[in-house]
Amino acid sequence: MSEALRTFLTLDLAPLLAVTFAAGTLALLGAFLVLERRAMIGDAVAHSVLPGLVIAFLVTGTRAPSAMLLGALGAAVVASGAIGTIGRFGRLDPTVAIGIVFTTLFALGVLLVETSGARNVDLDLDCVLSGQLELLFWTPPATAVDLLRPAVLATLPRETLLLGALFAAVPALLALVWRPLEAAVFDPTYARTRGTAPRLLRAGLFILQAAAIVASFEALGSILVIALLTCPAAAARLDARTLLGYVTRSCVYGLFAGVTGYLLATRTAPAVLGSSIDASGTVAVCAGTLLAVRALVVRRS
Amino acid sequence: MGELVAEWLRALSFGGGFNTNVVLCAAILLGVAAGTVGVFSMLRKESLVADAFAHASLAGVAAAFLVRGALTAEGSAPRSMEVLILGAGVSGSLAVGAIGWLTRNTRLTADTATAAVSSASFGLGICLLSIARRAGGAGQAGLDDLIFGSAASMTRADAWTMGILAALTLTITLVASKPLTAIAFSDRYARTTGLRVPAMEALLAALVAAVTLAGMQAVGMLLIVALLVIPPATARLWARRVPPLLALSASIGGLSAWTGTSLSAAAPNAPTGALIVLTASALFVVSLAAAPERGVIAGLLRRARLRRDANAAALRARDARGA
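Keeping their order, the protein sequence lines are chains A and B. Here the first sequence is numbered in the working numbering, starting from 1 and rising by one per residue. Here the second sequence is numbered in the working numbering, starting from 302 and rising by one per residue.
Keep in mind the hints are simulated off the structure, nothing from the lab. Take these hints with a grain of salt, some might be off.
[Unchecked claim] Okay, the calculated beta carbon distance ranges per label pair:
id, chain 1, residue 1, chain 2, residue 2, range
1, B, Asp610, A, Leu296, 32 to 42 Å
2, A, Pro171, B, Thr493, 51 to 61 Å
3, B, Val498, A, Glu182, 38 to 48 Å
4, B, Arg609, A, Gly81, 42 to 52 Å
5, A, Pro188, B, Phe486, 28 to 38 Å
6, A, Glu134, B, Phe486, 50 to 60 Å
7, A, Glu134, B, Thr456, 27 to 37 Å
8, B, Thr410, A, Ala203, 14 to 24 Å
9, A, Ser116, B, Arg405, 39 to 49 Å
10, B, Thr410, A, Thr242, 15 to 25 Å
11, B, Phe319, A, Val298, 52 to 62 Å
12, A, Thr155, B, Phe319, 55 to 65 Å
[Stated by the list, open to error] According to the in silico footprint, chain A covers these stretches of chain B (three or more CB under 8 Å from chain A):
id, segment
13, 515-528
14, 575-585
15, 591-599
Glycine included, each C-beta is placed from N, C-alpha and C at the ideal position.
With the rest of the complex left out, here is chain A (with noise of 0.2 Å):
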């Protein structure tokens, strides 16, 4: 195995792969966010997610992942519950409805962060905005063969893993309920009616979403996770003419703004710049720009 290849492998193997998961199933999911105008709803569970992370470690005192994922369901779940009360009884609008609870919440994580002793344990408030990509790193197998081994790829870094396993489960679980999500999507009413429980379907498509900024949050931070969730999605949005277009799409363009993001912050920059930029932003610039490029061709034809 040659040593570039070898540097590749333990320093991009992990990274890459889990941004380019990650961006796989947050467009996906991101999609269906948009389509039913609820990005913003995305946008504030993804910022709760930081007071659900913290108060999780501070109750449970490790950062096991079963704990890290409860917490920050719970803190999803308290979100939109909060925003949907205050819609309904106070009356007020869901921007301002959104605005209060993700500041709130985010300002309650950010808090907790600073005076808690969270703050030793690397759960900093940087790691929270552009995640820790540059920690996930591989030791490679001694021949180029045994990269194929399943065992060998099982002692990839835990995040790498999670983020994998939501990419091959979360595709296969939207084609198991395809046609009833696309009636519940398009037109409760009528799915109603054909005996398919729009209102079910719909809880799940939300638990997915929130597993799946949960999962991402650690390694990549809430600012891309939040540009993962709708930029692609917005850029498909422009054009598509059926569901299944509209979500391969976004799903695609994810995938793409992922690995050139990527591969833009830590192959390119080094040798323009003299040193690597942040990853995670640099994915989030690269969903933007895809998002500014369609906008502008879309509207010029």
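Position chain B relative to chain A; hints supplied.
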């Protein structure tokens, strides 16, 4: 704990040092200004525009820092904070413009455009910030303070800048409150009264931008939007007409800033912005529970009463049939 409370009460009653008091006064002015301007952006359902503006301003701040770093090497050093604020204003306005363009010219809705533009431009900010960090230099540490806010790191000059900007914004908002109210409720009505609606819209955007920029250092760009959203929403739960709404919202904004800033003077480790926001949130939660018409308790009671009345009516109807 007792010490902390004593320390807080001292700061709260302006018993801290001179610097602390200057920062405290400026923060209160900021809270009052944000509470006032926020009412109009809430009524226009544009609350989250400020959020996009603030997120996007990181890119401008980092870019301004890099440009200034390149210029000072040649000997011309403009004053730091003003250049950063200028950069923030430019990039924030570009982002708000981009959101407007996307909403008008494509099929994307305003919320999608807002979420997409603010996250992508914040990503750009993080990229530029990572370059600025590598470039190093003395002022680079101050950039991080702008993200999460830190009143402790504010110099007296910074506090004066914040206070003057907030006072100016507040004055202009109050002078223009009549036309701002008109465009908040109906563009069409405002036009029939001979008002130049686009000019007033631009004024409101500029006022929101001014508050955001003024508060960036104390509250932080990720949380400053809370000062524009939470006090007006809290006031809206109690008030029905615009003048009391403005007065209440301004008071709540000022009170939150006062409490939060003095708390952070007592506990320097705790981030100022988060404390201000959480004070405002606490007031909102109490109001949401207790407000007479829009409160949760009142709502539940009303619902129970309706159910009881409906049951009673159903019973009467049955008795009437039975008789």
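Now the hints, each set against the structure:
1. B:Asp610 to A:Leu296: 32 to 42 Å: Between B:Asp610 and A:Leu296, where Cβ atoms are some 59 Å apart, the hint is violated.
2. A:Pro171 to B:Thr493: 51 to 61 Å: The hinted range 51 to 61 Å holds for A:Pro171 and B:Thr493, with Cβ atoms some 54 Å apart.
3. B:Val498 to A:Glu182: 38 to 48 Å: holds (41 Å)
4. B:Arg609 to A:Gly81: 42 to 52 Å: For B:Arg609 and A:Gly81 the Cβ distance comes to about 27 Å; the hint is violated.
5. A:Pro188 to B:Phe486: 28 to 38 Å: With Cβ atoms ~33 Å apart, the hint holds.
6. A:Glu134 to B:Phe486: 50 to 60 Å: The hinted range 50 to 60 Å holds for A:Glu134 and B:Phe486, with Cβ atoms some 51 Å apart.
7. A:Glu134 to B:Thr456: 27 to 37 Å: holds (34 Å)
8. B:Thr410 to A:Ala203: 14 to 24 Å: holds (23 Å)
9. A:Ser116 to B:Arg405: 39 to 49 Å: At roughly 46 Å between Cβ atoms, B:Arg405 and A:Ser116 fall inside 39 to 49 Å, so the hint holds.
10. B:Thr410 to A:Thr242: 15 to 25 Å: The hint (15 to 25 Å, Cβ to Cβ) holds, given that B:Thr410 and A:Thr242 are roughly 19 Å apart.
11. B:Phe319 to A:Val298: 52 to 62 Å: Once the Cβ atoms are compared, 58 Å apart, the range 52 to 62 Å for A:Val298 and B:Phe319 holds.
12. A:Thr155 to B:Phe319: 55 to 65 Å: holds (60 Å)
13. 515-528: Per the Cβ count (4), the hint holds.
14. 575-585: holds (count 6)
15. 591-599: Since three or more residues must qualify, the claim that chain A covers the segment 591-599 of chain B holds, with 4 doing so at under 8 Å.
Going through the hint list in order, the structure does not satisfy hints 1 and 4.
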